[in-house]
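Q: Chains as they are written, first to last, in our numbering: chain P, 950 to 1152; chain D, 10 to 201.
Any given hint could be a false lead.
[Stated by the list, open to error] Cut-off 27 Å, straight-line C-alpha distance, at most; resulting in silico cross-link-like pairs (DSSO-like, lysine-lysine):
#1 D:LYS193 with P:LYS1062
#2 D:LYS111 with P:LYS959
#3 P:LYS968 with P:LYS1147
#4 D:LYS66 with P:LYS1095
#5 P:LYS1150 with P:LYS978
#6 P:LYS989 with P:LYS1062
#7 D:LYS197 with D:LYS66
#8 D:LYS197 with P:LYS1062
#9 D:LYS111 with D:LYS66
#10 D:LYS188 with D:LYS66
#11 P:LYS1095 with P:LYS1062
#12 P:LYS1147 with P:LYS1108
Rather than coming from a laboratory, the hints here were simulated on the basis of the structure. Values in this document were obtained by computation on a predicted structure and should not be read as measured data.
This is what each chain is made of:
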Amino acid sequence: MEVLLGITGKDFTLIAASKAAMRGATILKASDDKTRQLNKHTLMAYSGEAGDTVQFADYIQANAQLYSMRNESDLSPSALAHFVRGELATSLRSRNPYNVNLLLGGVDPITHKSSLYWLDYLASLAPVPYAAHGYAQYYCLSILDKHHHPDITLGQGIKLLTLCVDELKRRLPIDFKGMTVKAVTKDGVVDIQFDDDKVVKAA
Amino acid sequence: MVGKDCVAIACDLRLGLQALTVSNNFPKIFQYGDNVFLGLTGLATDVATVSDLFRYKVNMYRLREERQIAPRTFANLVSSSLYERRFGPWFVSPVVAGLDPKTGQPFICGFDSIGCIDFAKDFIVSGTATEQLFGMCESLWEPNLGPDQLFETISQSLLNAVDRDALSGWGAHVYIIEKDKVTKRLLKGRQD
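Start from the sequences, fold in the hints, and give me the full structure.
A: Spelled out as structure tokens, the structure:
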């Protein structure tokens, strides 16, 4: 019941991840941050098997930062997405593959174009305008199909995200403890205040 | 699909997890020379991995031989590369289409996931809509189609086949390969 959501707009990419860290039916923590910043313009959100996720995300983050330090320039979101896919694809055919699903969002530092990449544990990579992982896909993709537009503003993006999260609160049987929301813009990654205490009643 | 001094290759654009559509912009045709094309259906991750692998192998071939790879040579490369993974295969069913650089003759062939080549002189189909595609191609295709007729034939075959398959569709890419011209067309298709 982990939730990952991503929405792109005119000059930003929004990434949201549920705050609950779960182990079986127990919620161990209600303020978990399932995101990693890879470089100034790229953010990655992850879900999947408990140990694998953080291990893999840290590995990717370290390599992205190592590249930035060595070359004094950041990899673009597209380049990073393909790098991550390569790592995940190699892992898939190994003895113990990483069970990690990812959303990778960013804004190109040169062209200022926003982008979002959907990656699952099989290392399928798809560039998409908006995306979700897990059960959230079934509830949110249809809402986004109807309301998303490629050149929405950040404000409209957050409204759209609220629409999605409300639907999840209404329909998911387990409380996911709200969302950590971050936006990538040309100026870097910013935390977005998001109202987690809003109660949505099922119909 | 084979025509008179031309060949065509086409694919849909859907990427899905069973019944859930994840993306409707996932092309499955890749170019490996002036007129050598590879279509890949199957597990999405292997489509990406295998297409990257052949890009690497064809680039190495071109550097070593200082010439472009011919479709027939490429087909044998595909076959042997897939058979290398005989007991843990890439889950893909490739299709190769191209024109022989010397004779200009059309060349098409298909493979199973472990590299058994299926040569054909009319058409090759692959993917979840295989049955529908066989039916459409069998009824629409005829020998010696010109480039424009071939485009119409392959497009109608693909579009009408994928409309009867819940797991494919969402637009299409069509390539018409002639002696010294390759035309790529994007078809919108049904978006539902």
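Q: Take the hints in turn and mark each one as holding or not.
A: Consistency of the hints with the structure:
1. The suggested pairing of LYS193 (chain D) with LYS1062 (chain P) holds, with an alpha-carbon distance near 26 Å, which does not exceed 27 Å.
2. Annotation: proposed proximity of LYS111 (chain D) to LYS959 (chain P) is violated, straight-line Cα distance about 49 Å (limit 27 Å).
3. Distance restraint check for LYS968 (chain P) and LYS1147 (chain P): the Cα-Cα separation of roughly 15 Å lies within the 27 Å cut-off, and the hinted pair is therefore satisfied.
4. Taken as a hint, the LYS66 (chain D) and LYS1095 (chain P) pair is broken in the structure, with Cα atoms around 43 Å apart against an allowance of 27 Å.
5. Of the pairs offered as hints, the one joining LYS1150 (chain P) and LYS978 (chain P) holds, with about 24 Å between alpha carbons and a cut-off of 27 Å not exceeded.
6. Distance hint between LYS989 (chain P) and LYS1062 (chain P) is fulfilled; the C-alpha atoms sit about 14 Å from each other, no more than 27 Å.
7. Restraint check for LYS197 (chain D) and LYS66 (chain D): not satisfied, since their Cα atoms lie roughly 33 Å apart, outside the 27 Å limit.
8. Of the pairs offered as hints, the one joining LYS197 (chain D) and LYS1062 (chain P) holds, with about 24 Å between alpha carbons and a cut-off of 27 Å not exceeded.
9. Only pairs whose Cα atoms come within 27 Å are accepted, and LYS111 (chain D) paired with LYS66 (chain D) is accepted, the gap being roughly 22 Å.
10. The hinted pair formed by LYS188 (chain D) and LYS66 (chain D) meets the criterion: a straight-line CA distance of about 24 Å does not exceed 27 Å.
11. Between LYS1095 (chain P) and LYS1062 (chain P), the direct Cα distance comes to roughly 23 Å. Compliance with the 27 Å bound is thereby established for this hinted pair.
12. A hinted pair counts as satisfied when its Cα atoms are at most 27 Å apart, and LYS1147 (chain P) with LYS1108 (chain P) qualifies at roughly 14 Å.
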